[in-house]
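Student: The chain contents come next:
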Amino acid sequence: MENDLPRRRSDLKWSQAELAARVGVSRQTIISIEKGRFDPSLGLAFKLAEALGCRIEEIFSPDSGRTPS
Amino acid sequence: MSKTRFGLTLFVVGIPSAVGIGALAATFNDGPFVPTLVVFALATLPATWGLGLVVLSDIPPPEYGAETIEHTWMTRAATGAFLDVVTALGVLVTVVIVLDLEISADLSLLAVLILAMVDVAGRYWILRRRES
Chain W
1 MENDLPRRRS
11 DLKWSQAELA
21 ARVGVSRQTI
31 ISIEKGRFDP
41 SLGLAFKLAE
51 ALGCRIEEIF
61 SPDSGRTPS
Chain V
1001 MSKTRFGLTL
1011 FVVGIPSAVG
1021 IGALAATFND
1031 GPFVPTLVVF
1041 ALATLPATWG
1051 LGLVVLSDIP
1061 PPEYGAETIE
1071 HTWMTRAATG
1081 AFLDVVTALG
1091 VLVTVVIVLD
1101 LEISADLSLL
1111 AVLILAMVDV
1121 AGRYWILRRR
1131 ES
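So the sequences go chain by chain: W and V. So for the first sequence, the numbering used here puts the first residue at 1; every next one is plus one. So for the second sequence, the numbering used here puts the first residue at 1001; every next one is plus one.
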């Protein structure tokens, strides 16, 4: 799953730690999501979208190279 | 966690608890009192200190801890380690029965405990290095 989290977070001038505190997870979790190494749960994805003031599908999208099996 | 609290935890929780466990062990074991107390206290100090750090930590846990990647790593590490321990026990029981060996229960349980802890720690470390 690809995401637009780093850009949206930077637009708001939030650090990874600040975003982590706002959604109630660890900073490492935000780092891993931004690097695409951790797919958040649906609940966490909604929380991130709410914190960033956008819709969930504006942040997350399926891998462009992945084809459905 | 501040250095003060780190040291405070050692002297307030870690050492007294370890010495208490050492004194209990020395009381109920047949060996000489002081050496037994010292050995047990030294062996249990890391665990009692660690427990103190967890209990007296001034770092608030994440509000949604189950949603963090650390929780995911721990779950995956524990699941893998559980399968490893079951496999190891299966092999060990087979060997013991086939060869008609006699092994002491306390050493066997200690070996299983150490295997499980090292396995979980190793798997967690690998996951953290690979995915952070």
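Since the hints were derived computationally from the structure, they do not count as laboratory data. Every residue gets a Cβ at the ideal spot worked out from N, C-alpha and C, and that includes glycine. A portion of the hints provided could be inaccurate.
Far from chain W, by Cβ distances over 10 Å, these chain V residues were calculated [what the hints assert, rightly or not]:
1. F1028
2. G1065
3. I1069
4. V1118
Only part of the chain V face toward chain W is listed, based on derived beta-carbon distances under 7 Å [said to hold, decoys possible]:
5. P1062
6. E1063
7. Y1064
8. T1068
9. E1070
10. D1100
11. E1102
Student: Against each hint, give a clear statement of whether it holds in the structure.
Tutor: Here's how the hints hold up against the structure:
1. Every CB of chain W lies more than 10 Å from the CB of V:F1028, the least distance being 42 Å, so the non-interface label holds.
2. The Cβ of V:G1065 sits about 8 Å from the closest Cβ of chain W, inside the 10 Å cut-off, so the non-interface label is violated.
3. Taking the minimum C-beta to C-beta distance to chain W, about 5 Å, the non-interface status of V:I1069 is violated against the 10 Å cut.
4. No beta-carbon of chain W comes within 10 Å of the beta-carbon of V:V1118; the shortest separation is about 23 Å.
5. Of the supplied interface hints, the one on V:P1062 holds, with its beta-carbon coming within about 5 Å of a beta-carbon of chain W, less than 7 Å.
6. With 7 Å as the threshold, the beta carbon of V:E1063 comes within range of chain W, its nearest partner Cβ sitting at about 3 Å, so the hint holds.
7. Checking V:Y1064 against chain W by beta carbon gives a least distance of about 4 Å; that is within 7 Å, so the hint holds.
8. For V:T1068, the suggested interface contact is upheld, since its CB lies about 5 Å from the closest CB of chain W, less than 7 Å.
9. Interface restraint check: V:E1070 against chain W, minimum CB-CB distance 6 Å, threshold 7 Å, status holds.
10. Given hint, V:D1100 at the interface with chain W, is violated; its Cβ is 50 Å from that chain's nearest Cβ, farther than 7 Å.
11. Checking V:E1102 against chain W: minimum C-beta separation of about 47 Å lies over 7 Å; hint violated.
In this structure, the hints that do not hold are numbers 2, 3, 10, 11, in rising order.
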